[in-house]
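K.L.:
Below are the chains, spelled out letter by letter.
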Amino acid sequence: MYARIYGEATQDGGPGALEYAKPLRWLPTTPQGSLIIGIHQKGSWMNTYRKMAAVALAAGVGLSAAACGSSSTKTTPGTGGSFSPVLDPATKVTISIDCAPAANKPVESKQWADDVAAFNKIYPNVTINAKPMTKCEDPAPFTAMLQGHTETDVFYTYFTDKQQVLDSGAAADITKYVTPQTVPALKDIQPAVLALNADGGKLYGLPRTNYTMGMIIDRALFKRAGLDPNKPPTTWADVATDAAAISKLGNGISGYADYSAANTGGWHFTAELYGLGGRMVDSTGKKAAFNTDLGKQVLQNLYDMRWKTGGIGAAQMIKWGDLQAAMAAGKLGMYISAPDDITYMTQTLKGNASDYGIGPMPGTQGALTGGDDYYFKKTDTPDQIKAGIAWLNFKLLTPGKGQFQYDRNKTGGLPVGIPEPEFFAAGSPSLTADNSNKLASATLPVANYEQFVSNPVTPVVEPPNAQAIYKVLDGAMSAVLTNKNADVAQLLAKAETDVNTVLANS
Amino acid sequence: MTDIIEVGPIVAAVPHQRPRRTRTGGLRRNVRAHGFLIGAVACFALFSWYPMIREFIMAFQRTKRGQTTWVGWTNLQHITADPAFWQAWRNTIMYTLLALLLGFAVPFFVAVLLNEFRHGQAYLRILVYLPVMLPQVASTLLFRYFYDPGYGLFNQILHFLSLPGSSWLASKDTALISVVLASTWMNMGGATLIYLAALQGIPGELYEAAELDGAGVFRRIWHVTIPQTRLILSVLLLLQIVATMQMFTEAFLLTGGSGPEGSTLTVVYLIYNYAFNFNNFGSAAALGVVMLVVLAGFSGVYLWLERRTKEA
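Chains as they are written, first to last, in the working numbering: chain A, 1 to 506; chain B, 1 to 312.
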């Protein structure tokens with residue numbers, strides 16, 4: 001399925017081409033979050049993408065890549081010695097790395113151990129000290145870790161943590177170490193995804209996974225409500241109709257539900273606004289841009305479903321974890337999310353995989369994108385950085401190995417088939433190989449994700465000061481979902497004022 | 001006497017000549033005591049005083065790209081300009097007042113009631129104290145289920161009584177009081193036992209005399225119980241104010257922190273948000289200092305009232 005979709009896309013230059021707001025550097029995130037890293041519908045963009053990717057790689061990864069093209073050693077100005085991005089096999093190196101699977105995931109733990117053993121056959125000089133974690137990042141402990149400078153040599157972050165990590169002075173510049181020599185699939189990684197790990201023309205991290213948001217549905221409830229589970233709603237009008245039909249099943253079932261607490265309400269407001277084609281901030285990044293007809297539409301849709309059409313139930317102040325639990329329990333018809341929630345519901349909450357499908361983001365004008373990556377500690381030695389990159393390349397960035405070794409996942413009983421990660425560029429050999437491998441070992445009903453995969457929506461990154469903005473929008477989201485007398489226009493006007501104050505003070 | 005034995009027979013022979021007590025000599029003699037003290041002082045210094053001093057310093061600093069700079073009053077200006085600042089203070093004060101109304105009065109009257117029981121008082125004490133023994137997170141999450149507008153226990157009871165259900169945590173009008181109710185249930189056990197101990201220290205003759213004078217239950221409480229427990233009431237009132245103004249866990253777990261339209265946003269949650277969600281430790285520290293000043297003000301007022309009462 002993936003091979004066909006992306007293969008065709010690259011043939012005609014349709015879905016698969018990339019559009020960049022500022023494509024020539026590794027920092028193309030425009031203040032209003034309009035770094036568009038995803039798939040564009042116009043054919044002419046394919047060629048543009050390739051040119052831009054080439055230019056970005058040359059300019060960004062850059063100088064070191066060009067330098068290493070002809071020779072493995074090159075004098076680094078100012079250092080007085082020779083420099084090679086490749087780890088010297090004679091050098092003994094020890095690196096610590098977090099986000100290793102914890103004991104509660106025995107299959108993944110064994111895979112990790114096997115990968116370390118395989119890696120050590122290539123790099124016997126590298127010792128990897130893994131830090132197992134049940135959850136790779138919890139924002140509060142993560143912040144405390146940065147403040148205490150207790151991060152591991154190679155440490156896990158979300159894409160959205162970049163500013164926080166850089167402000168904490170925690171990350172090392174790895175620009176000169178990341179080359180086609182050290183990361184052979186580098187040319188296949190979407191430059192814009194790399195850009196999410198870069199700042200000021202410097203690269204600080206390498207991607208682990210990435211996603212775009214869509215609409216996850218409970219296919220069983222869709223069927224029971226007389227709806228077609230192969231056609232997840234793509235407009236908010238359809239969402240309202242389907243949600244009302246599902247809610248009529250009764251027994252505490254809610255057709256649709258949304259977050260409104262712990263800053264997640266603002267996060268979903270943003271996602272829904274992007275879906276309609278809106279943006280959270282203007283081009284300066286210092287002014288709110290959501291108090292528009294599109295912004296009002298987002299809140300009005302939710303208000304109507306909650307208070308008029310009956311598509312949303314009474315339980316509110318929902319935050320991350322609640323929706324997944326509700327859907328795994330068969331009490332929720334649909335909600336917007338990243339595709340990997342299906343993995344979570346299947347693997348952790350023991351939901352029935354065949355019940356879950358995913359469609360594109362309603363509105364289809366844009367989809368909030370996110371993901372995670374690994375950064376390198378500021379105090380890492382050059383050899384530790386080289387060893388870390390070698391490990392990440394082996395574990396995360398090589399098709400057919402590490403996280404992309406789907407046959408092993410299948411044998412181990414892990415879910416295979418989620419359309420994530422999606423950081424390899426459309427038409428690239430890495431993506432072709434990955435899609436083919438994934439299909440061959442799929443354990444999940446990938447046909448359920450057909451609508452999501454075959455209707456790609458342009459990914460859009462989060463706004464600057466995302467969490468502070470989300471906190472403000474939590475108020476508006478909770479208001480329309482809990483207050484029958486909520487005034488959408490008034491709520492948005494107040495949120496705009498508040499966000500402008502927050503942005504002015506940031 | 002002790003000194004004489006320690007310094008020996010020469011000094012003992014001249015009893016009216018005081019031995020010279022040097023500072024080093026004192027230290028040497030009390031080395032064991034000082035050794036014990038060092039551990040406690042070090043713990044306080046490291047985990048209480050140093051963080052407080054650091055907080056004051058951080059309130060005037062900002063860190064960007066790993067560089068920490070002095071920004072003067074900027075952090076304070078930023079937090080007061082934040083629209084959430086005043087809302088958080090309004091909610092915190094309202095929560096404190098409601099928590100005092102319920103969390104202060106209810107345990108007192110439960111204690112008075114318990115004190116009246118002649119039989120089974122021990123069992124009842126355990127029953128009242130039981131919620132305190134439950135992990136706070138567990139009991140808070142329990143209340144989250146109780147408050148669910150759909151299948152929650154409280155609405156089921158209301159429906160059973162043919163009464164309309166409430167939105168509880170899912171409405172800005174009822175969210176804060178719902179948090180107070182849960183908090184009161186969870187914390188009243190400790191206060192009740194303290195009141196009970198104070199009540200049991202009141203001489204029975206005072207009640208007998210009041211009864212002979214024709215005082216009813218409420219007059220006995222007003223004229224005997226409350227004056228006799230005034231000191232413990234004052235101390236608990238101060239502790240209650242200090243504790244309730246720092247409420248965090250209950251709102252964080254029950255409403256996700258802010259609640260419907262920010263109705264349960266408290267100052268401490270705002271501090272948490274600044275620090276751990278916005279990575280703005282300068283603003284978090286500044287708000288922490290403001291909180292400290294306010295709470296110190298309450299303590300000051302309490303001490304002043306206490307002194308005035310004694311003088312009167």
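There may be inaccurate statements among the hints.
Example chain B residues on the side facing chain A (calculated, C-beta under 7 Å, incomplete) [said to hold, decoys possible]:
1) 169
2) 170
3) 256
4) 260
5) 276
6) 278
7) 311
What the hints contain is simulated information worked out from the structure, not anything from laboratory work.
Just so you know, even glycine gets a beta-carbon here, dropped at the ideal spot from N, CA and C.
K.L.:
Next, verify each hint and record whether it holds.
P.N.:
Status of each hint after checking the structure:
1. 169: Holds - the Cβ of residue 169 of chain B comes within 7 Å of chain A, reaching about 6 Å at its closest.
2. 170: Cβ of residue 170 of chain B sits 4 Å from chain A, so the hint holds.
3. 256: At about 3 Å, which falls below the 7 Å cut-off, the nearest Cβ of chain A leaves the hint on residue 256 of chain B intact, so it holds.
4. 260: 4 Å, holds
5. 276: This interface hint holds because 4 Å falls under the 7 Å limit.
6. 278: Because about 5 Å separates residue 278 of chain B from the closest Cβ in chain A, which is inside the 7 Å limit, the hint holds.
7. 311: Status violated, d = 47 Å.
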